[in-house]
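Residues per chain are reported as follows:
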Amino acid sequence: MPADKKRRPVLVQVETPNLIPERDLGKMPVLQAEHLGIDFGGLTAVDDFNIAMGRTEISGLIGPNGAGKTTIFNLLTNVYRPTRGTVLLDGYDTAGKSVAEVNHMGIARTFQNIRLFSKMTVEENVLVGFGSQMKTHLFADMLRLPSHWRQEAEFREKARELLDIFDMRRFAETEAGNLPYGAQRRLEILRALATSPKVLLLDEPAAGMNPAETEELMENIQRIRDEFQIAILLIEHDMSLVMGVCEVVGVLDYGRIIAKGTPEEIQNDPKVIEAYLGKQGVK
Amino acid sequence: MQVLMQVLNGLQLGSIYALVALGYTMVYGIILLLNFAHGDIIMVGAYISWLVMAQLGMPPVVAMILSVLGCTLLGVLIDKVAYAPLRNAPRLSILITAIGVSYFLENGAQLVFGADAKVVPAFTDVSTIQLGGASLSFAAVATVVVTAVATVVLTLLVQKTKLGKAMRAVSEDMGAARLMGINVNNTISFTFAVGSALAGIGAILYTMAYTQATPTMGMMLGTKAFVAAVLGGIGSIPGAVVGGLLVGFAEVIVTALGLSVWKDAVVFLLLIIVLIVRPTGIFGRTMSEKV
Amino acid sequence: MTDNAPKGEARPVISATASKGRTGAYRRLPMPARYAINAILVLVFLVVGELMIDGGAISRYQSTVLEQVGIYIILAVSLNIATGYLGQLPLGHAGFMSVGGYGCAIFIVRMMETLGVTARDFVTGSPVCGLLFVGGLLVGGLCAAVCGLIIGIPALRLKGDYLAIITLAFSEIIRVVMLNIDSVLGFKLTGGAAGLTGIPGYTSFLNVFVVVAVVCFLIHTMMKSRHGRAILAIRDNEIAAEATGVNTTYYKTLAFVVSAFFAGVAGGLYAGCIGVLQPAVFGFMKSIEILVMVVLGGMGSMLGSVISATFLTILPEALRAFSEYRMIVYAVVLILVMIFRPQGLLGSYDFSLSRVIERVLNHDFPWGKGGTGKGSAPDAADHEPSETTDAEEVSADAGR
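Chains C, W and P, in that order, give the protein sequences.
Number 20 in numbering that gives the first Met the number 0 belongs to position 21 of the first sequence; there are no gaps in the numbering.
Number 174 in numbering that gives the first Met the number 0 belongs to position 175 of the second sequence; there are no gaps in the numbering.
Number 332 in numbering that gives the first Met the number 0 belongs to position 333 of the third sequence; there are no gaps in the numbering.
Isolated chain C (complex conformation) (with noise of 0.2 Å):
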């Protein structure tokens, strides 16, 4: 990030081909992409994708399998790099920049199939996300210098605050591995959002998650979304999720973006069910 401070912010004018919430319009979207596509051999994966996302924006994307959804969270946070089109996050460009300088600027993201550091507690996997929040130089930590317990004390109090958003404080030495399913996907999330995001991308957060579970979620979410004043895009396939907690929904097939509008236009858009169901399900 210090890096890019230096940089001015390519400010580019974009007739915004998303809705943005009331509260955000004329600020800055958060995270734009532009005409972004990636071809894998000569398949074209995903096509053309817009996005302009308000600062504290919830949005969905949804589509069938295979649609492209999670390459396209792969394209935002450079796991692949793009073939056409690209990334803003703030008004920096992410090209040429590592995963790892994504997150830096404010991107993060959980994992469809959990990606936890599972031999690792609880508490240290939430510190891996503030580690490049911590200065302290490896000659100091070695030598155990008072910088370094003052900060270890600080993060891992930070951490523990953190947890607390989930009520996971008491599993804080619990190793991640260890951790039942549900409590793996909030974990997940928490790590993402110890990096101090602008952005946080969830991938299907409410994978094999009960109704009761998943409505603890959706209230989450927003409460995340208030708490950290940050714009959430996720990827769900729980539709009562959806269009409970997405104030814009995009809906992806074959690549491509076919409709996008509030969940109720969605919801009565002829073109998505026939995505869905298939010719025969549109009436």
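Note that these hints are calculated values from the structure, not bench results.
Glycine included, C-beta positions come from ideal geometry on N, C-alpha and C.
Warning: the hint list may mix true and false statements.
[Claimed, not checked] With a straight-line Cα cutoff of 25 Å, these simulated PhoX-like cross-link-like pairs (lysine-lysine) come out:
#1 P:K223 <-> C:K157
#2 C:K118 <-> P:K158
#3 P:K285 <-> W:K262
#4 P:K223 <-> C:K134
#5 P:K187 <-> W:K262
#6 C:K118 <-> C:K157
#7 C:K96 <-> P:K158
#8 P:K223 <-> C:K118
[Stated by the list, open to error] Residues of chain C clear of chain P, computed beta-carbon distances all greater than 12 Å:
#9 R83
#10 D237
#11 R255
Chain C is fixed; fit chains W and P onto it per the hints.
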């Protein structure tokens, strides 16, 4: 003439490396294991030849057959005893087991046969063959021919036969292959058998050229062949051949320049450079983890 | 797992009745007390050992074996950084050891000539010799670290097997260079195949184990800091680590370089202990020997490395009569451990004396249910705590 001799030397050495490298590649291709013990199987093959000819006084043909057979059985046995129980273990565990097996064979041979070199008698009385005006070393010509034939046969085996298809399926996805009714364990055993038989042939060709068996001979030979396999792109049959020839020629050239003490360093440096430029070797496929 | 651990049932994500399991506070030892306990242990070990050597209870030969135990402990715990903590498989640790050994020995021998110090001074001990010793080890460590950096940058771009091969190749190159460098340079530097001789015996029981304690302490403190956590995160899930902002290239290189540095330090001690350095000693087999120690002890367990290094160094000495079987036994043990206990004898478990004392203080015994501390203390009986031990205790346990 001098140049031609050197080229033949390079071809001979390269062919031996290629043959051994094919064994590494076969096994790696199917279970992603760098079989560290492969070089030591060659060592055992050389000792079998010595045992049969020098100790038991049997004819060379018997020695050849028993060497190849012995190596084949040893390879399958190693797989069954040491690697099969670890099919689902982390890769690192199997790799370390392979190192353990290599260690075991080497020190076992040292215990049984002693540390000193054993002289393996010549397989034939023919030492040179006349071609045009030039007289060529029989061992060299035989090595090149055998390796070329082995490569062709192996390619046909993998590409055209039912077993080859099974091997490719197992290498692609072991679980799916099992669901398709392929006997995965037999296929893996077969692969080990083929790879080890190649090691047995390699042992004969090696002892033809260098007439010696020592407990640690498999180590350097194995390591070089292994470098050759990685250089060419491990898992690839043409890669193993190209890699083997590259290593062979590199050594011959360095030796011809009078820098023979540096030849090992040059080979390893070549490997490092190739891996930096092409991280999976010349013919290697890149594999990436799905996110 | 603690009593209030979840049993997998649906649990409110945010519950009003938070943490009702925390009945009584688990009494913890304050940090200074933990460090004091460990420091005292190390001190006791050193004093007792030194007294026994002075008193003749430990013979000259036995103390040389003890020195080697210490050297192998350093080698094993340093390789453990790259293998157990970073999760890679470098096969060239002996290469780093040899670079460190030559670097340290050449530095000390040259400095002795310059300063007019004789080998006798190292026996009687003088401040200059102490400085030379420390300087030599640092020079050796730095030489090895530079090599680690040179090979680490390309090697760490590769995955798994390829990294193993490239490190193996590099250490073989080092060996060939050590063997033949003199003829290129035109003057005597490494002594070629005959070896580097005339190295003063600057290594002693006392200084080896002080170095062991320092090395274990430094590795422990590194691993229990943000740097160590980043390294462990890469081992557990590299992709997630990157997405969580860990600069994986940097931390992999760091782990590699630190590992090489301490191997170099061990090489320096080895030079002073044996008195002769020959390139042939630092071949592939030496790397494997060190790897066996790490694997046997349990990858990621410092105590495991220490115990197995101790055991595997003393055992062959004790069984000199059967020395030809030693390697076979090594090999069989390695295969059996991999088949029956792939995580090593101790897994990633690490012993901590402080934790034992805490449990006694809290009457929290694995066999009794009467304890008051059912709080957050991990129960070692059925759950291997991932919190590693304080390194100092480990080093104190080293020579027992």
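Against the structure, the hints come out as follows:
With a C-alpha separation of about 17 Å, the suggested pair K223 (chain P) and K157 (chain C) falls inside the 25 Å cut-off, and the hint holds. Straight-line distance between C-alpha atoms of K118 (chain C) and K158 (chain P) comes to about 21 Å, which keeps the hinted pair within the 25 Å bound. For the hint pairing K285 (chain P) with K262 (chain W), the CA-to-CA distance comes to about 22 Å; that is within 25 Å, so the pair holds. Distance restraint check for K223 (chain P) and K134 (chain C): the Cα-Cα separation of roughly 15 Å lies within the 25 Å cut-off, and the hinted pair is therefore satisfied.
Between K187 (chain P) and K262 (chain W) the CA atoms are separated by roughly 22 Å; this keeps the pair inside 25 Å, and the hint holds. For the suggested pair K118 (chain C) and K157 (chain C), the alpha carbons sit about 21 Å apart, so the restraint of at most 25 Å is met. Of the pairs offered as hints, the one joining K96 (chain C) and K158 (chain P) holds, with about 21 Å between alpha carbons and a cut-off of 25 Å not exceeded. As the CA atoms of K223 (chain P) and K118 (chain C) are separated by approximately 14 Å, the hinted pair is consistent with the 25 Å bound.
Non-interface call for R83 (chain C) relative to chain P: holds, since the shortest CB-CB distance, roughly 23 Å, exceeds 12 Å. Annotated as non-interface, D237 (chain C) keeps its C-beta farther than 12 Å from every C-beta of chain P; the closest such distance is 15 Å. Non-interface call for R255 (chain C) relative to chain P: holds, since the shortest CB-CB distance, roughly 26 Å, exceeds 12 Å.
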